[in-house]
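Chemist: So the chains spell out like this:
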Amino acid sequence: MNEDPSNPAGRQRGTWERDRALLDLGFGEDDGADDMRTGDSGPLEQAGDAIGRYRLISLLGSGGFGNVWLAEQTEPIRRQVALKLIKPGMDSREIIARFEAERQTLALMDHPNIARVLDAGTSATGRPYFVLELVAGKPITTHCDAFRLGLRERLELFIAVCHAVQHAHQKAILHRDLKPSNILVAEVDGKMVPKVIDFGIAKALGVSDEVIQSSLLATKAGVVVGTPDYMSPEQAGSTPDVDTRSDIYALGVILYELLTGKTPLAWRNPRLAFDEVLREIREGEPANPSLCVAKDANDHAAANLREQRGSETTRLIRSLRGDLDRVTMKALEKDRQRRYDTANALANDLRSYLDGEAVTAAAPTWSYRFGKFARRNKAVLMTVGLVAAALVTGTIVSLWQAHRADLSLAAAQSSKAEADANRLEANANRDKARQNLEQAKKAFDKYVGTVTDEPTLKTPEFSGLRSYLLEGAINFYENLDSDEGGDLQTRMDYARNLGRLGTLYHQTGNLPKALESLRKAVAMAEAIEAEFPNASYDRRASAMLANNLALPLTTAGNLTEAQAMRKLAVQLLEKHLSEHPGDPGVRHDFALVLSNYAVGLAGNGEMDEAEATYVRCLGIQSALATESTEPREIQQLGYLQGMAADLASRRGNHAKADAIYREAVELYESLASATPPNPGAREAAASFSVKRGDRLCQIGNPAAAVPAFEHAVEIFRALARELPNRPDLRLNAGDAKLKAGDALRDAGRLAEARSAYEEALALLERLAAEFPDVPKWQLSPAPALEKLAAMRTAAKEWPEARSLLNRAIGLQREKFSQSPGTEKQKLADLLKQLTEAHLQLGDYDVALTTAEGFSKMFPDDWEPWHWAALAGNRGLQIISTAAFPDEDSRKLTADLYAQRVVALLRQAVLNGYDGITRLQATQDLTLLAGHASFQDLLKNPPAPLDAEARLKRGLERSPLKFAIDYKASDPGRRLWERTDRTWTEIQPSGTRNLYTVSAVIKVNGIAGSELSRPDGKFTLFVPHRDEPSTLMMFKASGGAWGRFADIKDIE
Amino acid sequence: MPLSPGNPHFPTTRWTGVLRVLGSEDTGRRKQALADLCRDYWYPLYAFARRLGRSQEDAEDLTQGFFIHALERDVFSLADRNLGTLRTFLLKIFQRYMSDVRDRERALKRGGGQDHLSLDIEGGENLYAADLATSESPELLFDRTWAQSLLRAAQAALAASEHQAGRGPQFEILQSFLTPDSVAEHGYESVASSSGMTPEAIRQAVSRLRKKFRKCLREAIAATLHDPDEARIDEELAALRVALGG
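Those sequence lines, one after another, are chains P and L. Start counting the first sequence at 4; every next residue gets the next number (our numbering). Start counting the second sequence at 7; every next residue gets the next number (our numbering).
Be careful, since some hints might not be right.
Pairs of lysine-lysine, DSS-like flavour, derived with a Cα cap of 30 Å [said to hold, decoys possible]:
hint	chain 1	residue 1	chain 2	residue 2
1	P	Lys970	P	Lys894
2	L	Lys98	P	Lys964
3	L	Lys98	P	Lys894
4	L	Lys98	P	Lys970
5	P	Lys964	P	Lys1005
6	P	Lys799	P	Lys827
7	P	Lys955	P	Lys1038
8	P	Lys779	P	Lys970
9	P	Lys859	P	Lys829
10	P	Lys970	P	Lys859
11	L	Lys98	P	Lys337
12	P	Lys818	P	Lys1005
By construction, these hints were calculated from the structure, which means they are not laboratory data.
Model the full assembly from the supplied sequences, consistent with the hints where possible.
Modeler: Right under this line is the structure:
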């Protein structure tokens, strides 16, 4: 019996069966007798025994509660029945008492699809028993497969089962153990009739849910094994808690099995430990039935259904997809409130499906996904204060409801009203209602504003949530009273709400609805204006409606209509302005609307009008900015000035553009002196000065740009001195100085350019030295260094050039390590320049090392290696003329050097360079020619690498092991290991995923391996060990590369 | 003498008792109790570590080091009802131990004059090698090997008690019928003639034996539970059943 551990054969799977059987003995019946004494025992009842008026014939099977026997009833009629004998050890008296109570209810169950409980009693030995209608049939799943039933027939059977369950539920009887083996399909009068057995037995026995949970897994040797497959999530929880919906869940699992051939658990992962199974039930997301069938086209259910009148897998998938998927998944909802309430509801939806009608199971809305999202991101949501916002929504709803109630009350009263007194009261109510609504709307606007402006929500991962929250607002507006008739005020209100609605739609990406709502709103506004051209009302609101409508119209390409709207906005606001001339808010909006109109005019080619409009709105805004010190006025002024200057430039009117900038600078400066200290205005002056300088350079007048830049430098420097807590101003000063240097250089004033660069460099290096923790500022001297180096190089001042280049390269390497994709080229260029400097200074060795470093950055391209080899060739020339102690040492040095050069050339050839023979013709390679390695290369050039070889080479550079921290499903540390071309990912839960290296590619300039999955759903990218990146990337099929995870512990 | 997996001397003391011993001041008794635990439960942990991808050496180090660490840090005294069964508790703290340990530390401990529990690693590795064909997750493998260890232990306890009661020879014959296997049923005839018992008597004896085995198994399980009762034993049985592929 003892296993010999050195014999692996003794541990084959076959022995597991024996182990299982051994383990099953651990369950068994405890008949209380201490069998260590003597011992007879055997089953307590035997074939042939009489229990009441029934005679046991043969054992049909076992369950958690006892054995089921085939028995014969002797009186009053002879018939065969199923007799369930409850095992001893359960308190018989209590059982019987409870039983009697249940018995009435059980007897009331009279449904063709429920196996009837015929009788119940206690045996002579005091054991309770049930007598059940004998159902001679197979479990429903087996039956459907055996008879190769098609989709419709399966659903018909299932619907009948649902009705049966409903019948029982209505009598407050749960099944609690629904599974295919409890739904037998028998043949009755030539028809196939499903019958649910074992109803209510559990409850009658007063068995606790925990015991049910474990008994569901119990087994007796030789009988159908219980599985937790049909257990509902609430049953699988720590405290099992069941109601009718748990039965519905089980029905869902059975439906799933009928459609796809396996239960959701079986599809997911066939081998899980016990705790994992329960967790899977509670949390695991089953795949849609249509997907399962698609996944396994050889599956037997699909095969069965396929054979049904030649429906192919695709047709099956199509019929499953959509409604039938949704119905099934609704029955399988983890949250039982989202499941079907009743079995009949499930049956009805299936019936609708069969009749070709719509089902009630809705497509998963964002609110459903939001539930899961919210659970995962609860912390973030709390901090963002959106929970508060949601609470606000709740308040709003109640306020709004109060408003409606009041309104209808007012309406009712006014219709009955005879006397003035009544009318007054009605009006008072209406006013109160309106007040409520105003309050609600204010709160709501605030909510919408919060959601719209919340920066966290603007990130891509939250865009769905943002849309969801705004859609909630949409609901609100859609449901507001649509009082299309009525007085002006009400109509304006409605139009405004429509406008808000439209804007919300636009923000949530629903262009058609945005257009629909906004158009309607504007139409209403226009109608109002037509009816009341002389009335005083809030035309500003109407104007903004028109202005806002222009946006989606432009997106939709409706440019003419868009411009018409903008014009309308201008007209309405003009009129409004005439009634409220001094109002800064109105003027602010007017300036904005005018500028939008100008943009439209420019787009239409009406340049003069556009310019004139800009002049106008600039006039308005300048005045505003002068009168008020509010930052938003200055900001809008800056914005408008920029637009106006742009336009002037585009028209070729550079003088005009320049004038606008100059005026802007003067304006800001006078603002600043009028209301000191006003740093905002001075900063604006400085930035406009820079912009002016930029523009002048662009049009080829660098000389004029210089004073503009220098002016900016002055302002920034002064500001930086006054505001020591704003060191960023020093950065601005440095940048402006750099630009001055560029302008001077372009103007040919090289000496001045140099001193400008040096000044900028000094400034920025000081900043970097004072703030070692700010990476951006650490890197800021880089452009100055590069430019100075370039100047020195141009002037052939090599020693200075070299030292500058070294410094520049130091910084550039840092930039490169941060963003390898964008900074690689510049680093490469700098290295090339440095190589040149070294060569010019005669340092052949360092030159070659630098060149090698440069070429290594491009391991798979030939040009860099070719270039480096040529640089090396020059090095050789230097060696040939340099001073050496003796010829031998010169020769030795040259030999070693040449080998390195040839190695570079060889790599070039490997990478695809095919011009080596031509090379001799165009370059002076006499020195190289003398070396054996070179001759060798010429005679036997290596074949360039093909894809396979490249892959192999890439694998050498690929890591063998690493780890990542995965934050999404099954979060935690994941280990990755590679064997040749196969990667294995080990999740925290123990699940393993396999990937294959399919290619060596470059992503964002970083070389690495591309990993594919068997199902091709997405590919991953793992950078090579020697690439300066530890970023693993992810790409869904058809998508773009995105960040996946950082890799750590690389081996 | 090296300890092979599933050594016959399964502790019949309950886990609570073991815990008491582990918490006692008497280092001798503690060491013995630790050695007992280690001997009986090391293989599932070893297999778990191996299935996680650790090399043989690593897994050996981890398993050995774990028990030593557990003794030093009195980990078992932390075990209480809320931590579930010994099976789940052991796995949990082993997992924690695995992730805490750094390679350096392990290297230091190796052969560092510490208490060294000799485990039959080769035997364990052979066992593991035979299991490699399966695709179980490490946790599932752990549960399964745990279940199998328990079964072996229960069988051994049964054998011991039968021998002690003087029914040794009879036990040797009957033990192959322990599992209710239809093939075995037919075998009664063949045994009957050689043993001098009627098939019916054999059937009854086997039935008795099964009941005794049930008792042994349930006791073995109870030893791994804290405050065991029938319901909890049933639960644990069910969990082990799942692990064995049911």
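Chemist: For the pair supplied as a hint, P/Lys779 and P/Lys970, confirm whether the alpha-carbon distance does not exceed 30 Å.
Modeler: This hinted pair holds, its Cα atoms lying about 29 Å apart.
Chemist: Measure nothing beyond the straight line between the CA atoms of P/Lys955 and P/Lys1038; if it is 30 Å or shorter, mark the hint as holding.
Modeler: Answer holds: P/Lys955 to P/Lys1038 is near 23 Å, not above 30 Å.
Chemist: Taking only the CA atoms, is the gap from P/Lys970 to P/Lys859 under or equal to 30 Å?
Modeler: Since the Cα atoms of P/Lys970 and P/Lys859 sit roughly 35 Å apart, the hinted pair is violated (cutoff 30 Å).
Chemist: Holds or violated: are the alpha carbons of L/Lys98 and P/Lys964 at most 30 Å from each other?
Modeler: 25 Å, holds
Chemist: For the pair supplied as a hint, P/Lys799 and P/Lys827, is the alpha-carbon distance within the 30 Å limit?
Modeler: With Cα atoms ~26 Å apart, P/Lys799 and P/Lys827 stay inside 30 Å; holds.
Chemist: Could you grab the alpha-carbon distance between L/Lys98 and P/Lys337 and see if it respects the 30 Å cut-off?
Modeler: With a Cα-Cα distance of about 28 Å, the restraint between L/Lys98 and P/Lys337 holds, given a limit of 30 Å.
Chemist: Take a quick look at whether L/Lys98 and P/Lys894 sit within 30 Å of each other, Cα to Cα.
Modeler: 68 Å, violated
Chemist: Holds or violated: P/Lys818 and P/Lys1005, Cα atoms, limit 30 Å.
Modeler: 19 Å, holds
Chemist: Quickly compare the C-alpha distance for L/Lys98 and P/Lys970 to 30 Å and report which way the hint goes.
Modeler: 22 Å, holds
Chemist: Regarding the pair P/Lys970 and P/Lys894, is the alpha-carbon distance no greater than 30 Å?
Modeler: 60 Å, violated
Chemist: What's the verdict on P/Lys964 and P/Lys1005, does the C-alpha distance respect the 30 Å limit or exceed it?
Modeler: Status holds; Cα separation ~20 Å.
Chemist: Decide if the proposed pair is consistent with the structure: P/Lys859 and P/Lys829, CA atoms, cutoff 30 Å inclusive.
Modeler: Given that 30 Å is the threshold and the Cα spacing comes to 15 Å, the pair holds.
Violated hints for the displayed structure, listed by number in ascending order: 1, 3 and 10.
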